[in-house]
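*Asks:* Each protein sequence line maps, in turn, to chains P and S. Counting in our numbering, the first sequence runs from 1 upward without gaps. Counting in our numbering, the second sequence runs from 1 upward without gaps.
Hints are computed from structural coordinates only; laboratory data are not their basis.
Taking lysine-lysine pairs in the BS3-like style, the calculated list, with each CA pair at most 30 Å apart, reads: (1) S:LYS108 with S:LYS374; (2) P:LYS166 with P:LYS112; (3) S:LYS379 with P:LYS29; (4) P:LYS158 with S:LYS374; (5) P:LYS112 with S:LYS457; (6) S:LYS492 with P:LYS66.
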Amino acid sequence: MESLPILSIITFLPLLGIGIIALIPGKNKNLVHAFITIFTGITFLISLFLINAFKADTSGFQFIEKINWIPSVGIQYFMGLDGISIYLVILTTFLTFIASISAYTAIEIRVKEFAITLLFLEVGMIGVFLALDLFLFYIFWELILIPMYLMIGIWGGKNRLYASLKFFLYTLAGSTLMLLAAIYMAYQVKLQTGQMSFSLLDMQALTLTPKIQTPLFLAFALAFAIKVPYFPFHTWLPDAHTEAPTAGSVILAGVLLKMGTYGFIRFNIPLFPDATVALAPFMSILAVVGIVYGAFMALVQTDVKRLVAYSSVSHMGFIMLGIFALNEEGLNGAVLQMLNHGISTGMLFLLVGMIYERRHTRMINEYGGIAKKMPIFAVYTMIAMLSSIALPGTNGFVGEFLILSGGFLRDHALGIIATSGVIFGAVYMLWMYQRVFLGKIVKKENEELTDLNFREQFILIPLVVLIFAIGVYPGYMLKTFKEPVRALIEMTSAKFNDENTVQKPNATIETSVEKKL
Amino acid sequence: MNDMISTKLNEILATNNFGLLAPHLIVSIGAVILMLVSVMSRNAFRNNAVLAIAILCAAFYFALPRDLAQTVTAFNSMVLKDFFSSVEILLFTLTGILVVLISHNYLKKRSTDIPEYYSLLLFAISGMMFMASSADLIMVYIGIEVLSVALYVMAAIDTKDINSTEAGIKYFLMSVFASAFLLFGIAFIYGSVGSTSFSAIKDFAMFNGFNSSHFLYAGVLLILAGMAFKISLAPFHLWTPDVYQGAPLSVTAFLSTGPKIAVFAFLFRFFYQFQNVQPYPELLQDIVVALAVITMIVGNLLALNQEDVKRMLAFSSVTHMGYVMTAFTTHSTEAVSSAMFYFTAYIFMNLGSFALLSVISRDNDKNLNVENFKGMAAKKPLLAFLFMIFLLSLAGIPPMIGFAAKFFIFSSVIHAHMYLLAIIGILNSAVSAYYYLRIIVNMYLKTQNEDTGNNFKEINFAVPEITVVAISFLAVIFLGLQPSFLIQWLSKIVI
Chain P
1 MESLPILSII TFLPLLGIGI IALIPGKNKN LVHAFITIFT GITFLISLFL
51 INAFKADTSG FQFIEKINWI PSVGIQYFMG LDGISIYLVI LTTFLTFIAS
101 ISAYTAIEIR VKEFAITLLF LEVGMIGVFL ALDLFLFYIF WELILIPMYL
151 MIGIWGGKNR LYASLKFFLY TLAGSTLMLL AAIYMAYQVK LQTGQMSFSL
201 LDMQALTLTP KIQTPLFLAF ALAFAIKVPY FPFHTWLPDA HTEAPTAGSV
251 ILAGVLLKMG TYGFIRFNIP LFPDATVALA PFMSILAVVG IVYGAFMALV
301 QTDVKRLVAY SSVSHMGFIM LGIFALNEEG LNGAVLQMLN HGISTGMLFL
351 LVGMIYERRH TRMINEYGGI AKKMPIFAVY TMIAMLSSIA LPGTNGFVGE
401 FLILSGGFLR DHALGIIATS GVIFGAVYML WMYQRVFLGK IVKKENEELT
451 DLNFREQFIL IPLVVLIFAI GVYPGYMLKT FKEPVRALIE MTSAKFNDEN
501 TVQKPNATIE TSVEKKL
Chain S
1 MNDMISTKLN EILATNNFGL LAPHLIVSIG AVILMLVSVM SRNAFRNNAV
51 LAIAILCAAF YFALPRDLAQ TVTAFNSMVL KDFFSSVEIL LFTLTGILVV
101 LISHNYLKKR STDIPEYYSL LLFAISGMMF MASSADLIMV YIGIEVLSVA
151 LYVMAAIDTK DINSTEAGIK YFLMSVFASA FLLFGIAFIY GSVGSTSFSA
201 IKDFAMFNGF NSSHFLYAGV LLILAGMAFK ISLAPFHLWT PDVYQGAPLS
251 VTAFLSTGPK IAVFAFLFRF FYQFQNVQPY PELLQDIVVA LAVITMIVGN
301 LLALNQEDVK RMLAFSSVTH MGYVMTAFTT HSTEAVSSAM FYFTAYIFMN
351 LGSFALLSVI SRDNDKNLNV ENFKGMAAKK PLLAFLFMIF LLSLAGIPPM
401 IGFAAKFFIF SSVIHAHMYL LAIIGILNSA VSAYYYLRII VNMYLKTQNE
451 DTGNNFKEIN FAVPEITVVA ISFLAVIFLG LQPSFLIQWL SKIVI
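Full structure from sequences and hints, please.
*Replies:* This is the structure we're talking about:
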């Protein structure tokens, strides 16, 4: 078992799927869909083995694979897994699997191309969470752009061309500077050790002055902030989420946004601890602005999908607040909330997709009172919603509670404002629920709605189970984050102390001045 | 009498190493033979294509470098052979082979199957080869003129198309103008140094400094201007649009790759020898940096709104030369290897795209309007997929070779601590994605316009195009995933 390159197998298994699906005739749509489900399913099952073999009591990387790739510039094929990335990988394989089942009825044209884009997307996403060489990471990072672009552009809604192009150019432009920063750091490694290297571990060992760290931090942060999306860079998200097909929205919200927050945790904090500490207040303020702004925008949306998209902006703000609280509560909460958001928002997008397939509209005012016709659907939506607004007992509560307590510990004012985001979250979600599900049926078309079928429930049940399982017993997941998070905290808390020690000489000077007086 | 001739001949053979020029001679003599064949038989178009490929293959074989560290000069130090020139010659012959394959069916469909075409192509390539292995300004001038004269005729080869003739004449006028600059520069340098040999110029500059003679400085700048003209660096690019548009597609494919690589060979060899001159002429360095920045930006701006894909690709070649120029500014050995890697990448992705375009154009170049690509993915999935890969590679998206090439370029720029230049370059690269993506949008995301009646049915692949596309595709993918051995091999280049 140990000798098997299990991470590479999980990453590149979907490629095998592409090879096989390319050979079968594209006209038989259900067969192609079945093959997608089989391959995403197998990938998911194999990724579950990781939990079993994973040792939770260390902070280092496990299942490491390291091969020289372009030795002249110190690039390696370097993959590894730690407590933060393990569940993100499983979330990826899980949501891709779910998305593939949801696509049976939603994707009816060019199914074969859909299969190829979805599986390519999976390769890129898993690779992003596993790559520990910055060059390799960048390749996986960019690999996602094209399939996601095609997915929005081919199978998306009315405004898909605009949304897909915006998504592509925004993300591409944002990530280019990260590449330059990575190259710069590789040369710094060469200066300090004599050997050029793009390995994350080698770069962590660098000693960089705070003055250099800041621009590098910002170059990385721009790429990740756009993906998250951080407040002023969020404008691509509502368009992309709304226009993407259901499978695309699930993956976008569930996994792609996490790549941004993961990037902050994996690269920004350990590589630039000084800059992280220095810029944390600024980043936290932007995060809180995002929380409140996203909530207010969600409040006024007339399109359900757009509402969920804006709620993502708000929720991702919570995660960023947790990360830049830079304490154990905040970071643990942020990592857990990354998974929670993937589950709850993924589920909301699935539900929106299901109702859209029936009525071909997402406008809130087209609905009303449909709980009478679709009671099961109403229950599932209620559960997803409660998870999203962080009701105690659901997974969202644990994550947001930890984040808010972390944020509060760092800065009281920010913690208080962020908490208001929870209330607004409840307002827009419940108001939407009321308008869509409760009351009398006004529109005739809604009289003929049919409730969820077996396939649709089959997708939703595992998500419901996860919502309550994590909500009731979060310790199972939290214990895997614990060590890596503690390692991160140690890196930055040392810098907080540094600031104090820097200030101390001034204090002594002052006291000596006082003494003289 | 006979003895005298034979001793004289032996003497010539002993002092002048003809073996050194084997690829050059093969291609030049081959060009003459093809010309003679064309005179004797007007139907030799097909045979000449086969012959041209055979000649280029032979030249490729003889150009394969045997001793990487060796530098040999010959013919009174007019030409030299080293690893750098060998790599350049390999690239030229490769370009030549691919262009012959692209040209054949394209020209035949337009009834411009003039057998001399291949002879001209070989002449152009021999000119490029002489440029790459010259060690003397006179030799450079001869090389560039052999190249240019062949190109004028090639651009105007489609005598039925007025645009082609226009392209030929425009190219001729502009290029002659540039050559005049070049000659002026050479004359200035000769006047101040007393020699046209690279090494003599270098020694003079090393000994006296650059500012000692205004004529030397002016001469160098004039040469730079003339060469910038030839590779259409902005602001010397104004001839490019009409020439690239009017010339037959296969000629445009050649124009946008081969000659530019040849000129860069000269630029590297000539300007890099001054890098140890103290003090280094700052104005020269500033001008080179400015050329790189302006070229990238202007090339992008021009390509951004092109409706014609051929024209768009031609403009984007201006931008690509801008990227190479950024590496050129750094004066490092890395710059040379990354530029050579970039050229290799560019040959494959650019000629691969042009091969696909020659297929897509059928018998009318109007088919290359971006509107006519609508819905191609549904009708011709393989063609659309291949074209997408080439375009994404040109845009520098990993894991294609275009990304690796840009990575090495910007990595050399960062190593030289020119961060602002690297940032400008990489942002330009992001902008360029927009116009490459526009074609993909049309192929994949838009549905076919029924009233244009464009049903893609007459698109037929023939063996030559398939060969080009297959070679290019494999190179784009495999060298993109595993650039290691190529870049390591190229990093042995010493100038």
